[in-house]
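Colleague: These are the residues of each chain, in order.
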Amino acid sequence: MAERGGERGGFSRGFGGRGGRGGDRGRGRRRGRRDTEEEKWVPVTKLGRLVKDGRITKLEEIYLHSLPIKEYQIIDQILPGLKDEVMKIMPVQKQTRAGQRTRFKAFVVVGDGNGHVGLGVKCSKEVATAIRGAIILAKLSVIPVRRGYWGNKIGKVHTVPTKVTGKCGSVTVRLVPAPRGAGIVAARVPKKVLQFAGIDDVFTSSRGSTKTLGNFVKVCCYVFFGWLFEFYVVILWFFL
Amino acid sequence: MLTVEERVIYILACVVPTCEALRWRVLRIQRLFTEKEPEPLDDDASASPSTTKLQADPWSFDFDDEDDDINLDDLGRALTEATALASASKTKKQNTCLDPTDKNSPISLRSRTVDDKSAVLACFYTYTQDENYSKNVASLSASVSSLNIKANESDGNEHEPDEAWEGESYEYDRALSADRTYLKFKKRVDLHPEQCFRYSYGGKPLLASTEAGDPGRCSLCGEPRHYELQLMPSLLYYLQEATNNCSLENWNWMTVLVYTCSKFQRPPRGTRSPPFPNFSFGGSKTLPSTCVHAVLIVMPVELIKGSAV
Numbered sequence: 075m076a077e078r079g080g081e082r083g084g085f086s087r088g089f090g091g092r093g094g095r096g097g098d099r100g101r102g103r104r105r106g107r108r109d110t111e112e113e114k115w116v117p118v119t120k121l122g123r124l125v126k127d128g129r130i131t132k133l134e135e136i137y138l139h140s141l142p143i144k145e146y147q148i149i150d151q152i153l154p155g156l157k158d159e160v161m162k163i164m165p166v167q168k169q170t171r172a173g174q175r176t177r178f179k180a181f182v183v184v185g186d187g188n189g190h191v192g193l194g195v196k197c198s199k200e201v202a203t204a205i206r207g208a209i210i211l212a213k214l215s216v217i218p219v220r221r222g223y224w225g226n227k228i229g230k231v232h233t234v235p236t237k238v239t240g241k242c243g244s245v246t247v248r249l250v251p252a253p254r255g256a257g258i259v260a261a262r263v264p265k266k267v268l269q270f271a272g273i274d275d276v277f278t279s280s281r282g283s284t285k286t287l288g289n290f291v292k293v294c295c296y297v298f299f300g301w302l303f304e305f306y307v308v309i310l311w312f313f314l
Numbered sequence: 298m299l300t301v302e303e304r305v306i307y308i309l310a311c312v313v314p315t316c317e318a319l320r321w322r323v324l325r326i327q328r329l330f331t332e333k334e335p336e337p338l339d340d341d342a343s344a345s346p347s348t349t350k351l352q353a354d355p356w357s358f359d360f361d362d363e364d365d366d367i368n369l370d371d372l373g374r375a376l377t378e379a380t381a382l383a384s385a386s387k388t389k390k391q392n393t394c395l396d397p398t399d400k401n402s403p404i405s406l407r408s409r410t411v412d413d414k415s416a417v418l419a420c421f422y423t424y425t426q427d428e429n430y431s432k433n434v435a436s437l438s439a440s441v442s443s444l445n446i447k448a449n450e451s452d453g454n455e456h457e458p459d460e461a462w463e464g465e466s467y468e469y470d471r472a473l474s475a476d477r478t479y480l481k482f483k484k485r486v487d488l489h490p491e492q493c494f495r496y497s498y499g500g501k502p503l504l505a506s507t508e509a510g511d512p513g514r515c516s517l518c519g520e521p522r523h524y525e526l527q528l529m530p531s532l533l534y535y536l537q538e539a540t541n542n543c544s545l546e547n548w549n550w551m552t553v554l555v556y557t558c559s560k561f562q563r564p565p566r567g568t569r570s571p572p573f574p575n576f577s578f579g580g581s582k583t584l585p586s587t588c589v590h591a592v593l594i595v596m597p598v599e600l601i602k603g604s605a606v
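So the protein lines, in turn, are chains S and D.
The numbering of the first sequence is the numbering used here, which starts it at 75 and goes up by one.
The numbering of the second sequence is the numbering used here, which starts it at 298 and goes up by one.
In short, the hints are calculated from the structure, not lab data.
Backbone N, C-alpha and C fix where the C-beta goes; we use that ideal spot for every residue, glycine too.
There's no promise every hint is true.
To be verified - Calculated lysine to aspartate or glutamate pairs in the EDC-like style (CA-CA distance at most 20 Å, straight line):
| # | chain 1 | residue 1 | chain 2 | residue 2 |
| --- | --- | --- | --- | --- |
| 1 | S | Lys114 | D | Glu428 |
| 2 | S | Lys241 | D | Glu465 |
| 3 | D | Lys560 | D | Glu546 |
| 4 | D | Lys484 | S | Glu135 |
| 5 | S | Lys168 | D | Glu465 |
| 6 | S | Lys126 | D | Glu538 |
| 7 | D | Lys481 | D | Glu538 |
As the list claims (entries may be wrong) - The calculated label-pair distances, taken between Cβ atoms and stated as ranges, are:
| # | chain 1 | residue 1 | chain 2 | residue 2 | range |
| --- | --- | --- | --- | --- | --- |
| 8 | S | Ser140 | D | Gly464 | 29 to 35 Å |
| 9 | S | Arg262 | D | Tyr469 | 24 to 30 Å |
| 10 | D | Tyr467 | S | Arg262 | 48 to 54 Å |
| 11 | S | Ile228 | D | Leu488 | 50 to 56 Å |
| 12 | S | His139 | D | Ser431 | 35 to 41 Å |
| 13 | S | Arg171 | D | Asn429 | 40 to 46 Å |
| 14 | D | Phe494 | S | Gly155 | 34 to 40 Å |
| 15 | D | Glu303 | S | Lys199 | 44 to 50 Å |
| 16 | S | Val259 | D | Glu468 | 47 to 53 Å |
| 17 | S | Arg262 | D | Thr478 | 34 to 40 Å |
Stated by the list, open to error - Heads up, incomplete: computed chain D residues facing chain S, CB under 10 Å, no partners named:
| # | residue |
| --- | --- |
| 18 | Tyr467 |
| 19 | Arg471 |
| 20 | Ala472 |
| 21 | Leu473 |
| 22 | Ser474 |
| 23 | Lys484 |
| 24 | Val486 |
| 25 | Phe494 |
| 26 | Ala505 |
| 27 | Gly513 |
| 28 | Glu520 |
| 29 | Tyr534 |
| 30 | Tyr535 |
| 31 | Gln537 |
For reference, chain S alone in the conformation it holds in the complex:
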């Protein structure tokens, strides 16, 4: 896997390089400005009205006050450079009297490569509907990712601040801080998620039935919840 090795060693700090690499499997479709095609957004929640007015410009302000985000257009407006990627579309079957009814389940991860990541899972009878719905759900589930240093606190943050584990079903994933240049040492699925989160170097260790990759990808997103409360302290300090 020469490509993989190359990526590990020379993974660039910037996020834009990811999409340009030939060996990169991700599609990293840039959402861009689609407002001209869509209908105008009329906000439905109070937070939406504040965001549309431009009184809230950072996601951290929303996280600081624990405001629930109920409209995906809020995320669109605050993070215009959000990328998304379909992890997997798998058929899910249900046995009925008239045979089997197949629906498609789409797993989509969104992220900006700079501390925000979200996961969306949607089942639908058509693939396109499932993907579109999963993108919306992923945007609604964006959470902040806390990053830190392995050793000396010089330069930008590059790894997870502490060892942390997350669990979903039987799958547990443990993230361990790594020195610069280590890259993301993980399987394909968590590697995608961690790349979207903007973590550059990390060691991972997983346990359990990781074949149930639905659980696996959920763990990778929910592991960041462990830092949420501490994160608020950090944000508060930042604002003060």
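Given chain S, put chain D in place with the hints provided.
Modeller: Structure of chain D alone, referenced to chain S:
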């Protein structure tokens, strides 16, 4: 004979930011035109008749003798006062809520001064549109280009063959802070983002959360109430955009459902006295014959914790 009903529903709410009670009131005002109504006077009787007009009206002389003039005067005065009272109370209610922005209301309030400092909301024209909602939402979506999806569809399967995703089953929609009911609500609102009201007499409301509350029974006749219309949150956006001196900060609802009595009501005479005597100025539209409270269910949005940004 056709019975033509006139029916107006007033939804009243307080916009004062410091209002603690946050009470809502709904009035349903309804008038039935039937052949039994006596119409002794001309059709051009205005809403605020004066006594002179009454006397000048040629019809009135057919009813009463000459020596009953005094009674007619008293009657006229009483009617005038009653109508003025009715229009005054109505206009007063309108002043606290959805009111035309011009303060010079045509119905003069004799003993009441116009309050220039009270908050006024803007007045809007609305148009109705049928909602053609079909279950095939994929055909209606415009936010993701379908070509884009189809071109990349195969990528989802091109991964290492030793990765086998196992054991997945159907999963209901779930986001961090949004449940299934709300997501369905939002999906229908997004189809027509500018909808402010939804009307469906006796239909099913579009709920934003699973607890809908119980509308109860009509206070007049005891019939169960059924859904008639609901207010949508885009209303808040438009009202806030259009107003300058009125802040709708304390209006935090997601949708407001209005339930009304499922049977149209004409109360039997004598049970509930309308504010006017029992004959009408023909053709006048300001005399309600029934005044029934409808019931309103306000679905709140989540409480915003902490200080507002």
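Colleague: Please go over all the hints and tell whether each is borne out by the structure.
Modeller: Hint by hint, here is what the structure shows:
For the given pair, Lys114/S sits about 18 Å from Glu428/D by alpha-carbon distance, which is consistent with the 20 Å threshold. Note on Lys241/S and Glu465/D: the hinted pairing holds, with a Cα-Cα distance of about 17 Å set against a maximum of 20 Å. A distance of roughly 37 Å separates the Cα atoms of Lys560/D and Glu546/D; the hinted pair therefore is violated under the 20 Å criterion. As the CA atoms of Lys484/D and Glu135/S are separated by approximately 26 Å, the hinted pair breaks the 20 Å bound.
For a cut-off of 20 Å, the pair hint linking Lys168/S to Glu465/D stands: about 11 Å separates their Cα positions. Taken as a hint, the Lys126/S and Glu538/D pair is honoured in the structure, with Cα atoms around 11 Å apart against an allowance of 20 Å. A hinted pair counts as satisfied when its Cα atoms are at most 20 Å apart, and Lys481/D with Glu538/D does not qualify at roughly 26 Å. Judged by the Cβ atoms, the range 29 to 35 Å given for Ser140/S and Gly464/D holds: they are separated by roughly 34 Å.
Checked against the hint of 24 to 30 Å, the C-beta distance between Arg262/S and Tyr469/D comes to roughly 27 Å, which is consistent with it. Between Tyr467/D and Arg262/S the beta carbon distance is about 25 Å. The supplied range of 48 to 54 Å is therefore violated. Take Ile228/S and Leu488/D: their Cβ atoms lie about 52 Å apart, and the range 50 to 56 Å holds. With their beta carbons about 39 Å apart, His139/S and Ser431/D fall inside the hinted range of 35 to 41 Å.
Between Arg171/S and Asn429/D the C-beta distance comes to about 31 Å, which lies outside the given range of 40 to 46 Å. At about 37 Å, the CB distance of Phe494/D to Gly155/S agrees with the hint of 34 to 40 Å. Here the CB-CB span from Glu303/D to Lys199/S is close to 46 Å, well matched to the stated 44 to 50 Å. Distance hint check: the CB atoms of Val259/S and Glu468/D are about 30 Å apart, inconsistent with the given range 47 to 53 Å.
At about 35 Å, the CB distance of Arg262/S to Thr478/D agrees with the hint of 34 to 40 Å. The beta carbon of Tyr467/D is positioned within 10 Å of a beta carbon in chain S (closest approach about 5 Å), and the interface hint is therefore held. Checking Arg471/D against chain S: minimum C-beta separation of about 7 Å stays under 10 Å; hint holds. At about 4 Å, the closest approach between the beta carbon of Ala472/D and any beta carbon in chain S falls short of 10 Å, and the interface hint on this residue holds.
Given the 10 Å rule on beta carbons, the hint for Leu473/D holds: about 4 Å separates it from the nearest Cβ of chain S. The beta carbon of Ser474/D is positioned within 10 Å of a beta carbon in chain S (closest approach about 3 Å), and the interface hint is therefore held. Interface restraint check for Lys484/D: the shortest CB-CB distance to chain S comes to about 9 Å, inside 10 Å, so the restraint holds. The closest approach between the C-beta of Val486/D and any C-beta of chain S is roughly 6 Å, which is under the 10 Å cut-off, so the hint is satisfied.
Given the 10 Å rule on beta carbons, the hint for Phe494/D is violated: about 14 Å separates it from the nearest Cβ of chain S. Satisfaction of the interface hint for Ala505/D is found here, the shortest Cβ-Cβ separation to chain S being roughly 9 Å, below the 10 Å cut-off. Against a cut-off of 10 Å between C-beta atoms, the interface hint on Gly513/D is violated, since the closest Cβ of chain S lies about 28 Å away. For the restraint placing Glu520/D at the interface with chain S, the shortest Cβ-Cβ distance is roughly 33 Å, beyond the 10 Å limit, so the hint is violated.
Interface hint at Tyr534/D: satisfied, since its Cβ lies 5 Å from the closest Cβ of chain S, which is below the 10 Å cut-off. Taking 10 Å as the C-beta cut-off, the interface hint given for Tyr535/D holds, the closest approach to chain S being about 8 Å. A hinted interface residue such as Gln537/D counts as satisfied when its beta carbon comes closer than 10 Å to some beta carbon of chain S; here the least separation is about 7 Å, so the hint holds.
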